[in-house]
Amino acid sequence: MRDVTLAIAGSGGDGVITAGDFIVQAAARKGLNAFMLKSYGPQIRGGESSARIRISDRPIYSQGDFVDFLVVFSWKDFARFSDEIKLRKGAVVLYDEADSTPPEEFPIAAELGAELIAVPFKKMAAEEIKVPLTKNMVALGVIAALLHLPLDGIKDAVMKKFGKRKPEAAQVNIEAIDLGKSWVEKNLPDGTQVVLEAEGAGEPKLVMTGDDAVAYGALHAGVKVFAGYPITPASPILEFLSKWLPHFGGAVVQTEDEIAAITYAIGASWAGKQAMTASSGPGVALKLEALGLAAIAEIPLVVVNVQRVGPSTGIPSKSEQADLFQAVGGTPGDVPRVVLAPSDVEDNFQVAIEAFYIAEKYQIPVIILSDQFLGERSETIDPDVLFARKRVIARQLAKPSNLKEYKRYKLTDTGVSPMTVPGMKGGQYITSGLEHYEDGRPTSSGTMHQIMSEKRARKLPLIAEESGFVRVYGDEDAELAVLAWGSSKGAVREAVERARAEGIKVKAIVPQLIYPVPEKKLDAALKGVKRAVVVELSFGAQFYRFLRAYYDGLPKETYSHARSGANPLLVSEVLEAIKEHAGAMNAPQEA
Amino acid sequence: MRDVTLAIAGSGGDGVITAGDFIVQAAARKGLNAFMLKSYGPQIRGGESSARIRISDRPIYSQGDFVDFLVVFSWKDFARFSDEIKLRKGAVVLYDEADSTPPEEFPIAAELGAELIAVPFKKMAAEEIKVPLTKNMVALGVIAALLHLPLDGIKDAVMKKFGKRKPEAAQVNIEAIDLGKSWVEKNLPDGTQVVLEAEGAGEPKLVMTGDDAVAYGALHAGVKVFAGYPITPASPILEFLSKWLPHFGGAVVQTEDEIAAITYAIGASWAGKQAMTASSGPGVALKLEALGLAAIAEIPLVVVNVQRVGPSTGIPSKSEQADLFQAVGGTPGDVPRVVLAPSDVEDNFQVAIEAFYIAEKYQIPVIILSDQFLGERSETIDPDVLFARKRVIARQLAKPSNLKEYKRYKLTDTGVSPMTVPGMKGGQYITSGLEHYEDGRPTSSGTMHQIMSEKRARKLPLIAEESGFVRVYGDEDAELAVLAWGSSKGAVREAVERARAEGIKVKAIVPQLIYPVPEKKLDAALKGVKRAVVVELSFGAQFYRFLRAYYDGLPKETYSHARSGANPLLVSEVLEAIKEHAGAMNAPQEA
Amino acid sequence: MEPVKLTAKDYKTSVPIVWCPGCGDFGVLNAMQQAAAELAIPPENLMVVSGIGCSSRIAGYINAFGFNTIHGRALPIASGAKLARPEMTVWAAGGDGDGYSIGTNHFVHTIRRNADITYIVMDNNIYGLTKGQVSPTTPHGDYTKSTPMGNPDRPLNPLALALELGATYIAQGFSGNVKHLRDLIVKGTQHKGFAFINVKSPCVTFRGRQEFNVVREHGVYLDESHDPSSWEKAHEVTQWKEKIPLGVIYHVHGVPTLDEIARDLQHKAEEQGHVETSKDLLKIFG
Amino acid sequence: MEPVKLTAKDYKTSVPIVWCPGCGDFGVLNAMQQAAAELAIPPENLMVVSGIGCSSRIAGYINAFGFNTIHGRALPIASGAKLARPEMTVWAAGGDGDGYSIGTNHFVHTIRRNADITYIVMDNNIYGLTKGQVSPTTPHGDYTKSTPMGNPDRPLNPLALALELGATYIAQGFSGNVKHLRDLIVKGTQHKGFAFINVKSPCVTFRGRQEFNVVREHGVYLDESHDPSSWEKAHEVTQWKEKIPLGVIYHVHGVPTLDEIARDLQHKAEEQGHVETSKDLLKIFG
Ligand SMILES: Cc1ncc(C[n+]2csc(CCOP(=O)(O)OP(=O)(O)O)c2C)c(N)n1
Ligand SMILES: Cc1ncc(C[n+]2csc(CCOP(=O)(O)OP(=O)(O)O)c2C)c(N)n1
Ligand code: SF4
Ligand code: SF4
Ligand SMILES: [Mg+2]
Ligand SMILES: [Mg+2]
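Chains as they are written, first to last, in our numbering: chain A, 1 to 591; chain B, 1 to 591; chain C, 1 to 286; chain D, 1 to 286.
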């Protein structure tokens with residue numbers, strides 16, 4: 001196979017994620033593409049966890065619906081992932097022979113015809129390496145040998161992680177890996193039918209999570225103040241920047257709550273520095289009031305929402321796309337703001353840069369709608385593409401010579417007015433959340449309110465013009481289109497390719513800019529489309545409804561394929577939706 | 001005239017609002033209809049203020065676009081209301097002769113042909129009554145005499161206010177009123193052309209503000225805990241209930257912030273008592289996270305939003321209809337909730353009762369979207385209609401005999417599950433904001449999440465069925481309709497009547513239930529309609545977009561008439577929109 | 001018929017416990033269950049309200065009306081519940097992040113209103129549930145996921161803060177001493193007013209097992225020599241630098257509680273003139 | 001060239017003042033303008049951040065980078081501004097509702113971080129802008145629009161609270177004594193760290209003019225006999241029952257400030273190994 005999906009499931013202490021990380025890193029070193037999804041139960045430690053990794057020499061868009069190769073340390077833990085891990089027919093399953101579950105109770109349907117192999121992971125680690133915790137490394141060796149994964153890459157990754165600080169640990173781990181490998185050579189000399197035959201491009205790739213990518217992108221874009229409050233699944237952004245922003249002369253504050261976080265950022269931006277905050281749905285809810293302040297005061301600001309399952313605490317560790325309404329309309333009043341949606345890990349990096357570009361150029365708050373599925377997964381990335389697009393700008397300031405009778409909110413054609421920051425002589429003005437005259441003085445005039453509403457709104461079509469990036473995949477002249485946003489892109493793109501391989505003409509349309517709607521570019525993408533399906537992970541079909549509300553160009557026959565989140569979108573379910581609609585289109589119409 | 005609009009403008013100390021209150025109360029005593037709009041500048045005291053009163057023996061729907069009769073204590077203050085107070089051609093204007101503004105600078109266009117009358121308000125109060133503060137009462141006497149307002153009613157109102165506690169104050173005020181009256185008899189024996197010729201129905205009416213009405217409605221519905229935090233224009237709800245709820249065995253807490261307010265209410269409701277909180281846009285923004293908790297935990301809750309101009313602090317003392325998106329979609333996740341919109345003061349009372357009815361029966365949070373225009377205005381109300389509709393229900397509890405293996409979130413056909421409260425033996429369960437199984441135990445299963453999302457959503461069509469009250473005014477078979485919501489009803493209804501008087505066939509459609517959309521009732525109301533105009537005070541046309549997003553039955557030709565708020569919706573602008581669309585409908589269509 | 005004697009077991013639930021093995025919060029759970037039994041509170045008359053955090057999961061593990069609410073809001077929800085049902089026993093519980101970071105505003109004002117609830121904070125000096133970020137009680141200099149160069153901030157002293165704010169019952173317990181903690185909870189529940197119990201409840205995963213030893217080594221149980229009715233003495237104790245006080249630090253009586261005040265106002269209202277039904281109020285609009 | 005001498009007039013703006021005639025906040029405005037002049041802060045180097053309330057309008061009345069933000073959030077916005085531009089002078093201002101009710105969480109944690117800003121609270125014991133509801137400093141028993149039967153709650157003591165939290169400069173002024181207040185502001189601004197100044201600033205409309213007399217009668221100016229470096233002395237003063245202390249109550253030096261800490265971390269980072277551009281970071285993903 002040139003495209004393998006493997007999964008490892010176990011308990012918290014089993015080191016499942018560490019093993020997965022090493023596999024991904026090994027793939028990256030070989031120039032292969034890899035994609036890893038972690039999944040945890042509600043326990044912090046000791047609970048079930050799984051790593052699901054797909055490796056290929058072709059681009060990878062999704063986590064893969066079915067697993068080809070599975071390692072389970074415990075059937076009990078595995079059973080908890082039955083929603084998520086579906087085996088492909090004829091998959092290979094390795095399990096720890098120490099697990100006491102009788103084979104007939106294995107939660108795997110016999111009719112899948114899986115090849116079940118018992119391996120003494122635990123025993124080898126305990127008895128031969130004398131370090132029970134190396135069970136995962138033994139498994140790594142077994143996996144590498146059976147799948148034909150690059151063992152040297154794995155060892156490199158281990159050395160990188162432990163080599164300098166804990167050389168003995170590195171040594172022990174490597175021994176365990178070798179032990180696993182020899183076990184295969186001894187016990188399964190013929191291997192299994194699942195073998196990775198992909199060859200890497202040679203050039204090593206990077207491995208990044210979506211949260212790290214958005215933080216790194218912000219760093220690249222020049223963020224100087226980041227304020228945040230921990231929340232799953234957005235905390236890694238805070239943690240990344242805590243570590244690295246001071247290296248770039250910036251500062252990070254873990255504030256007392258989310259309100260303080262966004263207001264710190266607003267204060268910093270108002271004072272002249274690029275600023276950002278990040279959270280997830282419940283935390284973003286607390287930021288909405290302050291977001292309105294940034295909007296009416298026209299303060300550049302970037303707010304990241306790594307969406308999780310709602311409402312309320314919902315399922316904190318799982319993904320959903322149901323904070324779109326909150327982003328577009330959650331703040332009271334008619335609020336000018338921008339919503340961007342990254343669609344994969346690399347895009348998280350790009351979108352962060354774009355967000356700062358728009359925020360600074362147009363003096364407007366920008367919301368980045370990432371999600372758990374993007375934020376916590378790892379992907380291999382080609383380092384060259386990261387910096388290909390250059391759109392980093394600094395704070396755009398008024399000319400010091402133009403500060404006579406300075407008007408912060410001067411009415412202009414673009415809606416963008418000259419901005420000053422402290423230290424600029426003559427640039428003083430009063431900023432507020434109140435409606436105001438051009439010079440910032442508060443007013444309660446309805447006439448001024450209408451004029452200023454229009455001024456602020458003038459920016460929106462310009463942003464849609466400049467930044468309305470719409471991805472189109474598939475048959476340009478297809479009459480059937482799938483509309484999707486954000487992290488749904490992967491499964492949708494793959495489904496479209498699969499449908500086309502089956503002879504169905506179809507395309508996928510995925511805007512990066514959600515609000516303002518990039519109408520012209522959507523019009524172009526939808527040209528010739530007679531029927532569209534809007535696919536999303538939101539029980540309330542928020543994207544579908546949003547498009548209906550804001551976009552005039554939807555084909556008359558537009559359908560919604562929406563369900564609640566937690567379980568990631570499957571390629572197969574999108575494919576099914578495509579087939580259904582392709583079929584309906586070709587079916588004879590009633591008169 | 002049988003329908004007079006008068007306005008009084010002055011500074012804070014002028015007692016403009018007090019005078020207005022007495023006029024409205026006098027009208028109410030006579031069984032007349034009255035409607036008063038107060039308007040203030042940003043000052044707390046000493047700033048400009050105005051009272052605008054419309055009196056008629058016919059139903060009054062709006063504040064009246066034009067003023068027939070104006071009293072100004074100071075032209076300077078009056079000038080600040082130029083956005084709001086437009087004179088009718090040939091209006092009568094009384095001004096204080098002490099005002100130093102030269103007549104040629106009076107901010108009233110000469111071409112209006114207004115009748116300008118200088119009156120020594122200030123002088124009479126100071127020199128004859130010896131109490132300069134009674135200037136407003138002198139004016140009251142003058143107004144009553146000229147307009148032929150019921151003077152005894154005004155005196156009654158004065159006695160009611162001061163009589164018991166401050167008999168001398170009452171006496172002085174009544175003297176001042178008589179003085180004003182005699183001044184007219186002496187100086188303007190022929191009066192003016194503006195005279196109120198309306199006769200009341202005899203039965204005295206009540207006078208109520210919208211905020212008081214919603215608080216009173218809640219009280220009637222059985223609210224037992226109210227928690228709030230002051231904010232313009234919602235504070236009167238807190239103040240009303242602080243005063244009266246203890247009389248009904250309830251408790252009010254002014255909490256430390258809006259988050260505490262809604263969470264107090266959630267705690268109280270979860271513990272078994274009807275509970276409510278109220279705020280305005282910025283404060284409601286802070287409540288959104290907790291609202292999600294009530295939604296997923298299925299806790300009955302009523303949240304009032306008295307909308308004001310946004311974004312952010314905006315214009316706190318003025319009205320807008322731009323928190324609709326926040327109400328419908330502000331909370332992260334796919335959140336089941338109900339949004340009700342009262343359309344006049346009496347409706348504020350009814351909607352409060354309805355909100356509790358829905359909240360308690362369906363175990364769901366209900367948002368009441370009032371606004372400043374409804375909340376702060378006074379209207380006369382027929383006491384009999386208030387209690388005509390009976391829909392008060394108590395907390396709906398599970399049967400104590402059914403508590404074996406009690407499942408708080410039992411899957412039912414209606415989505416409504418048996419609820420227990422503390423004290424019910426065997427009724428214990430774990431409530432949380434986490435997704436859960438039927439018994440409340442948390443789960444991170446995507447399958448359960450979908451099942452529970454469906455369960456919660458099953459309530460919505462039932463609510464739309466039971467509560468989807470849609471007001472229809474005008475020609476039932478009209479092909480042109482105006483769609484509006486909330487406080488826009490008044491101007492729209494009046495505009496429709498005016499248009500019909502001019503021979504245009506048109507109807508107005510105003511739903512009381514906004515979300516879930518009462519589809520069937522809207523379908524019925526829109527039957528035969530070929531063209532619709534959605535009228536609202538929201539720059540972003542939130543109602544128009546909301547309908548597009550959620551409702552399939554809009555006529556193909558649906559237009560938006562939307563502008564930002566602060567200035568109230570005018571009958572004339574709606575009428576113009578009606579005429580424009582009526583004209584376009586009849587114009588020959590291009591092929 | 002003799003009333004059935006309740007034991008700690010009667011307060012167990014079937015909700016699976018997801019704490020890490022060895023987590024300090026197990027001790028707090030035991031202490032709460034034992035206290036409930038000792039107080040013989042019928043499970044249906046007990047409300048346990050928590051925020052969000054590892055510690056806050058405790059609301060699901062006690063057979064009662066449990067409410068695992070949202071982050072930082074346990075106190076106002078518990079206060080609202082008590083106001084609505086003053087005849088019930090209300091416990092609030094949560095973590096140091098929940099109570100002293102996002103929830104600080106409520107902590108301050110709940111104390112001011114003397115809501116008659118018992119508030120148990122499992123103070124582990126870290127954000128457990130979000131996997132190891134700094135909390136307001138993390139010691140200065142400590143490395144956490146969000147302070148990779150050491151915590152630059154000075155920790156908050158919740159006991160001293162509560163004392164300053166006029167809390168009427170202040171105690172500190174240790175999850176390693178369940179009996180002692182149980183007694184603090186029993187006393188706090190019997191106290192009329194806000195009973196605040198800070199519990200040293202180590203997070204073994206993000207702060208390590210040695211945290212138990214820290215408390216064992218530095219913990220000092222307050223004995224007769226400490227007079228909890230003295231503000232000055234209590235203040236002194238809250239200012240200890242090395243030693244960790246364990247026991248009732250401060251305890252005063254007679255301050256009106258939130259629900260007493262509400263009933264007071266109801267009586268005052270009645271004295272002002274009886275209003276029977278909402279219709280009787282029509283007169284004020286007349 | 002001699003630098004032009006700045007006077008209070010240089011800090012006036014054209015924004016119309018909407019306070020009621022006689023409002024205490026006029027005195028505070030004068031004191032702030034005079035302090036700015038005395039400190040000779042160029043207007044463009046001064047940031048004045050307020051929340052929402054009558055008092056918070058002050059940000060518009062001072063020629064500076066003024067920011068009349070949202071209710072309760074003056075402190076985090078001011079802190080963020082100072083963190084971004086440590087070379088500027090940052091004043092925060094607001095009311096008792098803004099600072100001690102909705103903003104309490106920020107008050108507590110801003111003190112803890114010792115953000116180098118001067119925070120002036122115009123404490124009028126009422127919500128002025130919303131027309132007269134109870135505030136956390138309204139005396140017990142007082143009638144307000146939201147306590148029609150008298151305020152049932154005990155007032156908060158902001159001075160004592162700040163002291164307990166470790167504030168490094170604590171003072172109280174009176175808007176009826178502009179010169180004294182000006183000096184407190186000057187000193188607070190010169191202080192490196194969080195300078196907290198509670199100002200008795202009567203609301204004549206909702207609390208009456210007599211409030212000025214209350215301060216005049218009960219105010220006691222702290223003199224040499226008070227040692228502001230002593231926590232105990234300061235504590236005593238904050239506990240006065242009848243007398244109202246005026247002056248610097250507490251003042252200590254040497255506690256690192258929020259922006260100093262940030263620079264510290266930047267230096268530490270540099271020592272750990274220099275990273276020039278964001279591309280240099282690629283290695284961590286290798
Ligand atoms: C509004 C909001 N912000 C942030 C979070 C994420 N969050 C969950 S628990 C927690 C803090 C946990 O720390 P603590 O309260 O000390 O409890 P512990 O886990 O240590 O017991 C945070 C920040 C959230 N759920 N909601
Ligand atoms: C989020 C939010 N809640 C409430 C309000 C309403 N509000 C405006 S000012 C204010 C309090 C005013 O009191 P204070 O801070 O003491 O200032 P003062 O007017 O007395 O100077 C309130 C509650 C608001 N603007 N925003
Ligand atoms: S992470 Fe810490 S606090 Fe949370 S359960 Fe584990 S040990 Fe306890
Ligand atoms: S209401 Fe009070 S605080 Fe506000 S301006 Fe008037 S006197 Fe000052
Ligand atoms: Mg903790
Ligand atoms: Mg105040």
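Everything labelled a hint here was simulated from the structure, so no lab data went into it.
Some clues are possibly wrong.
[Unchecked claim] Here are some chain C residues pointing at chain D (derived, C-beta under 8 angstroms):
1) V108
2) R154
3) E164
4) K268
[Unchecked claim] Covered, in the sense of this in silico footprint (three residues per stretch, anywhere, with C-beta under 8 angstroms from a C-beta of chain C), are these stretches of chain A:
5) 122-128
6) 189-197
7) 244-258
Note that CB positions come from ideal geometry on N, CA and C, so glycine has one too.
Results of checking the hints against the structure:
1. V108: It holds, given that the least Cβ distance between V108 (chain C) and chain D is near 5 angstroms, below 8 angstroms.
2. R154: 6 angstroms, holds
3. E164: 4 angstroms, holds
4. K268: Holds, about 5 angstroms.
5. 122-128: violated (count 0)
6. 189-197: The restraint on the region 189-197 of chain A is violated, since only 0 of its residues have a Cβ under 8 angstroms from chain C and three are required.
7. 244-258: holds (count 6)
Violated hints, in rising order: 5, 6; the structure is consistent with all others.
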